[in-house]
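The letter at position 269 of the sequence shown is residue 269 when you use our numbering, and the numbering goes up by one with no holes.
Worth flagging that the hints you see were computed from the coordinates, not collected in a lab.
On a predicted model such as this, the values are computed, not experimentally measured, just so you know.
Just so you know, not all the hints are guaranteed correct.
As the list claims (entries may be wrong) - Result set (EDC-like, lysine to aspartate or glutamate): computed pairs, CA atoms no more than 20 Å apart in a straight line: (1) Lys96 <-> Asp110; (2) Lys219 <-> Glu302; (3) Lys198 <-> Asp78; (4) Lys25 <-> Asp106; (5) Lys294 <-> Asp270; (6) Lys278 <-> Glu251; (7) Lys278 <-> Glu302; (8) Lys219 <-> Glu290; (9) Lys148 <-> Asp296; (10) Lys96 <-> Glu26.
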Amino acid sequence: MSARLTRKRARFESQEGAAEGQRDKEFWYEDGNIILVARDFEFRVFKGILADHSPVFKDMFSLPQPSESATAPCPVVDVTDTPEDLRHLLRVYMLKSGSSPFVPEDPSFDMISATIRLGYKYQVSNLVQHSVNYLKMYYTRDFQVFSKRRPSYWPPSFRAEHAIGVVNLARLIGEHTLLPVAFLICCTLGKDIVKGFKREDGSWEQLTLDDIGICFEAKGRLVGRRADASNVVFNFQLMTSCEKPKRCPTELRRVLDTAASAWAVPDPFDSILLQFSKDIRASLCPSCWETVQKIDDIERSEMWKHLPGFFGLPIAEYTDREAE
Numbered sequence: 001m002s003a004r005l006t007r008k009r010a011r012f013e014s015q016e017g018a019a020e021g022q023r024d025k026e027f028w029y030e031d032g033n034i035i036l037v038a039r040d041f042e043f044r045v046f047k048g049i050l051a052d053h054s055p056v057f058k059d060m061f062s063l064p065q066p067s068e069s070a071t072a073p074c075p076v077v078d079v080t081d082t083p084e085d086l087r088h089l090l091r092v093y094m095l096k097s098g099s100s101p102f103v104p105e106d107p108s109f110d111m112i113s114a115t116i117r118l119g120y121k122y123q124v125s126n127l128v129q130h131s132v133n134y135l136k137m138y139y140t141r142d143f144q145v146f147s148k149r150r151p152s153y154w155p156p157s158f159r160a161e162h163a164i165g166v167v168n169l170a171r172l173i174g175e176h177t178l179l180p181v182a183f184l185i186c187c188t189l190g191k192d193i194v195k196g197f198k199r200e201d202g203s204w205e206q207l208t209l210d211d212i213g214i215c216f217e218a219k220g221r222l223v224g225r226r227a228d229a230s231n232v233v234f235n236f237q238l239m240t241s242c243e244k245p246k247r248c249p250t251e252l253r254r255v256l257d258t259a260a261s262a263w264a265v266p267d268p269f270d271s272i273l274l275q276f277s278k279d280i281r282a283s284l285c286p287s288c289w290e291t292v293q294k295i296d297d298i299e300r301s302e303m304w305k306h307l308p309g310f311f312g313l314p315i316a317e318y319t320d321r322e323a324e
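Could you build all of it, start to finish, from the sequences and the hints given here?
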């Protein structure tokens, strides 16, 4: 894939700053040998570092320089990226003072989004893969990993609505294994699923109309599946070793009636049993308590196997557990 890049005529830089823009405060090296212009910001960096990681940059920098470049400090290249995105890319390969390569930090959504989109655009495949692998730890295919994330399924520095951006990233690079959990979270957003969220550059991240439609259709199915699972979990007929047959059926029905309002939440993995565990455990005999826990685990595991199907995605490839 060819990146959208345009070569500008080389020009001198004034002592106060760039002639047509402003020097970026974070990435302006006086000994840099290439200036990248993103909107009104100019980044003077090292083309060798960029070319070493990106075949797109390497090919571009190998082009003959215009004759005017002989009188300029270094060549200048326009890019169509935002300054915010470009900074995230440069931070990966030009570590600033104060940052430690040995102590990983939880990346923000904006960083992951920029590294995937620009990595894809400039064919920095290892950067894309590292970023995707981070997302896979949370938007996972592994039910056990997913269950441990409850109640927040998303990365520490993300918010719930960032699932909208994850859907868009997955669509962009064809990493469809990220979609089921991302879609699931989108279904819990309420009206924000249509509004989207504002990115750090001021633009809005929104789902496509087709993906909004997928979520609206899936939401009803998820609510229905949650109700069905709850009816199974609290079905006294499945309690074969009840020690309090006069009390436990009444308590199971009471819990089911009390929890009915929770069914409207379209997350079938937000177990009602877990929400009311203290009350339920005190109300049931030990045998029934153990049984409802087992049934709840089975029901959630079965729902997990079919999660992609709620969103019209293939199920077979999703049930094959992958290394996270």
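Comparing the hints with the structure gives:
Of the supplied pair hints, the one linking Lys96 and Asp110 holds, its CA atoms being roughly 18 Å apart against a limit of 20 Å. Between Lys219 and Glu302 the alpha-carbon distance is near 18 Å, which keeps this suggested pair within the 20 Å criterion. This hinted pair does not check out: Lys198 and Asp78 have alpha carbons roughly 25 Å apart, beyond 20 Å. Taking the CA atoms of Lys25 and Asp106, the gap is near 24 Å; set against the 20 Å cutoff, the hint is violated.
Simply put, Lys294 and Asp270 have alpha-carbon atoms about 15 Å apart, close enough for the 20 Å limit, and the pair holds. A distance of roughly 13 Å separates the Cα atoms of Lys278 and Glu251; the hinted pair therefore holds under the 20 Å criterion. Straight-line distance between C-alpha atoms of Lys278 and Glu302 comes to about 25 Å, which puts the hinted pair past the 20 Å bound. The suggested pairing of Lys219 with Glu290 is violated, with an alpha-carbon distance near 30 Å, which exceeds 20 Å.
For the proposed pair Lys148 and Asp296, the alpha carbon gap of about 15 Å is at most 20 Å, so the pair holds. Between Lys96 and Glu26, the direct Cα distance comes to roughly 9 Å. Compliance with the 20 Å bound is thereby established for this hinted pair.
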